[in-house]
Structures are given as C-alpha cells and as structure tokens.
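Q: Each chain, written out:
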Amino acid sequence: MKVLVAVKRVIDYNVKVRVKPDNTGVDLANVKMAMNPFCEIAVEEAVRLKEKGVASEIVVVSIGPKACQEQIRTALALGADRGIHIETDEEVQSLEAAKLLKSVVEKEEPKLVILGKQSIDSDNNQTGQMLAALTGMGQGTFASEVVVEGEKVNVTREVDGGLMTVALKLPAVVTTDLRLNEPRYASLPNIMKAKKKPLDSMTPADLGVELAPRLSTLKVEAPASRQAGVKVADVAELVDKLKNEAKVI
Amino acid sequence: MSILVIAEHDNSSLKQATLNVVAAAKAIGGDIDVLVAGENCGAVGEAAAKAEGVSKVLVADNAVYGHFLGENLGELVAEVGKDYSHILAAAGTTGKDFMPRVAALLDVAQVSDIMRVESEDTFVRPIYAGNAMATVKSSDSIKVITVRPTAFDPVAGEGGSATVESLDVVKDAGLSQFINEEMAQSDRPDLASAGIVVSGGRGMQNGENFKMLEQIADLLGAAVGASRAAVDAGFVPNDMQVGQTGKIVAPQLYIAVGISGAIQHWAGMSESKVIVAINKDEEAPIFQVADYGLVADLFEAVPQLEEELKKVL
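Protein chains in written order, with the UniProt record's numbering: chain A, 1 to 249; chain B, 1 to 313.
Worth flagging that the hints you see were computed from the coordinates, not collected in a lab.
Ideal Cβ placement from N, Cα and C applies to all residues, glycine included.
Incorrect hints may appear among the rest.
Said to hold, decoys possible - Stretches of chain B that chain A covers, calculated by requiring three or more beta carbons in the stretch to come under 8 Å of a beta carbon on chain A:
#: 1; segment: 43-50
#: 2; segment: 175-184
#: 3; segment: 257-270
Said to hold, decoys possible - Covered, in the sense of this in silico footprint (three residues per stretch, anywhere, with C-beta under 8 Å from a C-beta of chain A), are these stretches of chain B:
#: 4; segment: 86-94
#: 5; segment: 105-114
#: 6; segment: 133-141
#: 7; segment: 241-254
Claimed, not checked - Below, in silico cross-link-like pairs of lysine-lysine (BS3-like), each with a Cα-Cα straight-line distance of 30 Å or less:
#: 8; chain 1: A; residue 1: Lys20; chain 2: B; residue 2: Lys171
#: 9; chain 1: A; residue 1: Lys247; chain 2: A; residue 2: Lys231
#: 10; chain 1: A; residue 1: Lys111; chain 2: B; residue 2: Lys171
Whenever a hint applies, use it, and build me the whole structure from the sequences.
A: Structure representation (structure tokens):
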C-alpha cells in the first residue's frame with residue numbers, strides 16, 4: 001500500500017527563539033532550520049512499514065518556500081521514494097495545509113497518511129485531524145503504536161491518563177507522538193542517492209486551493225520573564241522558606 | 001453571542017477542566033451552554049448544570065460517544081455547534097483530537113490552547129514551546145477554540161441551576177472502533193490540576209527511585225510528574241510527562257528534582273507560582289528560573305526533605 005507522509009520545515013528544536021523587537025513575529029533570519037521532530041517520527045514509521053513489507057511506496061510532501069526541498073530530500077534519504085513540494089512563500093495555516101494535503105490525497109490515493117501530531121513552531125496540533133475530516137477518514141492521533149492488519153489499522157494513542165487503542169478503517173490518518181519510534185540517521189550514501197529521487201514541484205493554484213488565512217497575528221511578544229530566585233543552603237532552609245516565605249506548604 | 005462548551009468527563013464525573021473552560025467562556029461573554037456527550041453520562045449532565053454561569057446543558061447520551069472517538073464527537077459537535085458563535089473545549093487529548101475535526105467540518109480555523117481572551121475574536125496563545133505569546137484575531141463566523149485550563153481560574157462548580165435537555169442526535173461516523181485502554185492507576189490528585197507537583201527527571205536514575213518522590217507527594221497531597229527523559233528511559237509512564245508534548249501544569253508549587261530544565265520541559269511548567277529545583281549541577285538551566293534552588297545530590301536531599309516536611313506538616 002501507498003503511504004503519504006507530510007513533513008514541515010521548522011526552526012531547530014534546540015534553538016532559543018527570539019521575538020522580533022517590532023513584535024511582528026519570531027526572528028527566523030540566520031536561524032538553524034530542520035525537519036519538525038514529530039515529522040521525522042512519521043517518516044521513520046513509514047520506512048519501517050516498508051521494511052516490514054506493509055508499505056510499497058512512500059510519498060513525502062511538504063508545503064512552503066523553496067527551502068522546504070531540503071527537508072523533503074532528508075525524508076528521501078531516510079527511505080521515502082519520492083517527494084512532492086507545494087511551493088508558496090505565503091503563510092499557510094492548518095486548515096489551508098489540510099486542504100492542500102486533501103488534494104494530494106485525492107491524486108495519490110494513499111492507504112495511510114502519517115503526520116506529526118504538532119509542529120514545534122505553531123504548536124497547533126490540528127492539521128492531521130483537519131485532513132481526516134476533509135477526506136472523511138478515521139484518525140489515530142498521538143500514536144505510540146501503529147499496526148496494519150488487512151483493511152484496518154490498530155493505533156495505540158497516548159491520552160490523558162494512559163493509553164487507548166482504536167481500530168481504524170483504511171484509508172486513515174495517523175499522527176505521531178514522540179514515543180512511536182526512534183528515528184534513524186541518514187547515511188551518506190543514502191543522502192547521495194536521495195538527490196536522484198524524483199521530486200515534483202507544484203503550487204497551491206495547481207491544486208486548485210486558494211490560500212485564505214482566517215487568523216491574523218496582531219502581535220508576538222516574549223512571555224513574562226522569570227528571574228532566578230535564591231539558592232538555599234540546605235533542605236531545612238528550603239522547607240522553612242516554602243512554609244514561611246512563599247507560604248505554599 | 002452564544003457559546004457552546006464541550007464538557008470533559010469520564011462518563012461518571014465532570015472534570016475540573018470543564019470549569020476552567022466555562023471561565024474562559026465567561027471572559028468572552030454571552031450565553032453559555034454545555035454539551036455533555038458520552039455514554040450513561042446523566043450524572044455528568046447534572047454536575048454541569050450546577051456550574052456557575054451555565055444557562056443550559058445538552059446531554060447526548062449514546063454508546064457511540066462512550067469512548068470519545070474523535071470522528072463521532074467531531075460530527076456531533078459540528079452539528080450542534082453550528083448555531084453558536086463560539087465552540088470551546090479544554091486542550092486535553094480529547095479536545096485536541098476532536099476539535100480540529102469540528103473546525104474542518106465547519107470550514108473554519110481553530111485557535112489552539114488559548115491562555116487569555118482579549119475580546120470576542122482576539123485571543124492570546126503560546127507558540128514555539130511557550131517562548132513567544134501570539135495575539136491572534138479570528139475572522140471566522142464561528143470561533144472554534146481549545147482552552148489551556150491552567151490559564152483560567154475555574155468557575156464555581158456549585159450554585160448554578162441550568163436546565164438540562166437531552167439530545168437525541170446520534171452521529172456514528174463508522175470509521176473507528178474502540179479496542180481497549182490502559183489507564184494508569186493513582187490515588188494522587190490529577191497532574192494537570194494538582195496544587196503541588198513533584199517531578200523527577202533523568203537524575204532519578206530508575207523507576208524505583210520515583211518512590212522517594214511519591215512519599216514526598218503523599219505528604220504534600222501532590223501529584224507526581226516527570227520530564228521526557230524520565231519517561232523515555234522507561235522510569236515512569238508517559239501520562240506523567242510534563243512539557244510541550246506532555247501535560248501543561250501551573251500549580252502553586254512545582255518541585256523539580258534531577259531535571260535540567262530544557263526548553264520543552266519549561267513549556268509545561270513555566271506558569272507555576274513557585275518553582276523549586278533540586279539538582280547537583282549548579283549550571284543546570286532550571287536554576288535560572290527557580291524561585292528556590294538547592295544544589296545537592298537528590299539522593300541525600302529528597303530523604304532529608306521528607307524528614308523536614310514531616311516536622312512542619
């Protein structure tokens with residue numbers, strides 16, 4: 001079966017972000033970018049499904065500026081077969097991303113679509129669910145285990161309080177949680193091979209989707225900063241301060 | 001304006017997060033209705049009717065909603081919610097699962113995890129793991145919103161007298177089926193709403209050592225949390241994880257033991273009122289934000305803490 005994986009280019013997760021002085025956003029100039037960590041897990045899961053003989057082809061798609069091709073190439077180096085780049089320099093919000101992915105799903109007809117549960121920049125946690133709704137598919141969100149069995153996929157989900165397993169009819173959408181797998185590193189030969197793998201480029205207009213953002217960001221501010229407090233000498237002083245100074249116990 | 005709040009519950013009792021979401025709804029202003037969808041959830045409907053500020057409770061009691069499957073809830077809420085100006089749910093795993101589905105079915109954007117209401121269409125939410133706060137304005141006719149419960153003080157759970165109506169809208173998308181669940185058993189307070197949280201990180205070294213934290217937690221009536229490192233190392237189950245990808249907590253007191261304080265962990269506890277760090281590495285980033293820091297080996301400090309607490313409590 002064919003598996004479609006969506007990946008996003010985001011700021012590297014280790015970078016301490018800085019809010020622009022004019023409060024229009026976060027400063028992304030000259031900042032290290034990378035594949036969103038949850039998307040890496042999605043790619044890894046697809047590759048494992050291929051290694052198990054469950055998936056026959058892995059198509060990886062990314063939406064964004066030209067530079068996104070870097071992340072598509074990374075996914076190809078990790079084992080995806082071909083890439084689709086939906087090129088736009090505009091801001092793409094979750095609903096629009098889901099609409100763009102829906103048209104890719106209609107063209108490619110994958111049995112399984114895997115996305116990360118959230119991107120670490122916008123922290124929305126929406127796209128997979130929206131795509132599932134628009135395509136009329138079931139959704140296995142926050143997956144920590146994915147088992148394909150015939151025309152169904154069993155997804156173990158990380159929920160408040162523990163784990164929950166659901167069976168979804170295929171085709172279905174799965175979004176990955178951090179504990180689904182440990183992504184591999186791309187080897188140099190695979191990085192070289194990935195350069196020769198096919199990568200189609202298209203625009204939102206080619207897919208018949210008009211970008212119409214519904215949310216406008218009025219301003220972006222740094223959160224209220226918190227100052228270091230005091231160091232205490234020992235446990236007795238700590239308990240005394242908590243009881244008599246902070247009055248929290 | 002009319003606001004629909006989707007109750008969070010376990011079919012037998014209303015979760016406190018619902019009261020926090022009603023508080024967010026009050027901040028928006030307008031009539032507040034609560035939808036309770038579940039199976040044999042009559043008691044939840046009664047409880048929701050007592051919440052302050054609620055005018056009507058709609059109860060959709062059917063087996064198809066028993067396990068809160070996103071596909072079925074999505075269709076139900078989109079159907080019931082289309083006549084409201086705002087649809088709100090707590091940003092727990094259930095709300096995060098079905099609400100974007102509601103938004104897509106209604107063809108509107110969703111505003112995730114709001115921490116503040118500026119006006120009926122403008123909200124403040126964290127981005128980049130809480131390292132920036134974005135003020136966003138929605139131009140949609142229906143605002144679909146998930147609310148960070150810890151950012152709003154709950155309304156009173158008693159004293160209200162809303163009417164309760166039963167709804168016989170049955171939406172079975174037929175796409176998914178509940179198989180089973182494994183819920184962690186604990187007598188301690190719920191992590192997300194506990195007044196005190198004691199958390200352990202990689203420095204705990206193994207799961208057995210978390211017992212030391214549990215003893216402290218029992219003395220304080222606290223919940224026990226963990227960093228991702230502790231969860232990934234298999235010390236404790238994942239539902240104890242505090243952070244960007246785990247639970248967001250904002251207790252009166254957060255005690256971080258053997259936790260360095262990475263950005264992703266910080267995202268889950270930075271709103272705590274008082275933060276205590278116990279770490280043997282005095283360069284650990286957690287000390288830059290802790291109100292009270294103790295540089296010490298946790299294996300000596302935690303047992304001492306237990307003794308000291310016994311003296312004063």
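Q: Report holds or violated for chain A covering the segment 241-254 of chain B, Cβ cut-off 8 Å, minimum 3 residues.
A: Since 5 is at least three, the answer is holds.
Q: Given the hint that lysine 111/A pairs with lysine 171/B, test it: the Cα-Cα distance must not exceed 30 Å.
A: Roughly 24 Å between the alpha carbons, so the hint for lysine 111/A and lysine 171/B holds.
Q: Are there three or more residues in the segment 105-114 of chain B whose C-beta lies closer than 8 Å to some C-beta of chain A?
A: Per the Cβ count (8), the hint holds.
Q: Hey, lysine 20/A versus lysine 171/B, does the alpha-carbon distance stay inside 30 Å?
A: The given pair, whose Cα atoms are some 46 Å apart, is violated under the 30 Å limit.
Q: CA of lysine 247/A to CA of lysine 231/A, is that 30 Å or under?
A: 17 Å, holds
Q: Check whether three or more residues of the segment 133-141 of chain B sit with their beta carbon closer than 8 Å to a beta carbon of chain A.
A: Three-residue rule met by the segment 133-141 of chain B, so holds; n is 8.
Q: Count the residues of the segment 257-270 of chain B whose CB lies closer than 8 Å to any CB of chain A, then report whether that count reaches three.
A: It holds, with 3 qualifying residues against the three required.
Q: Quick one: see if chain A covers the segment 86-94 of chain B, three-plus residues with Cβ-Cβ under 8 Å.
A: Held - the segment 86-94 of chain B has 3 residues with a Cβ nearer than 8 Å to chain A, which meets the minimum of three.
Q: Check, residue by residue, whether the segment 43-50 of chain B contains three or more positions whose beta-carbon lies closer than 8 Å to a beta-carbon of chain A, and give the verdict.
A: violated (count 0)
Q: Can you tell me if the segment 175-184 of chain B counts as covered by chain A, using C-beta to C-beta distances under 8 Å and a minimum of three residues?
A: holds (count 10)
The structure does not agree with the numbered hints 1, 8 stated previously, though it agrees with the rest.
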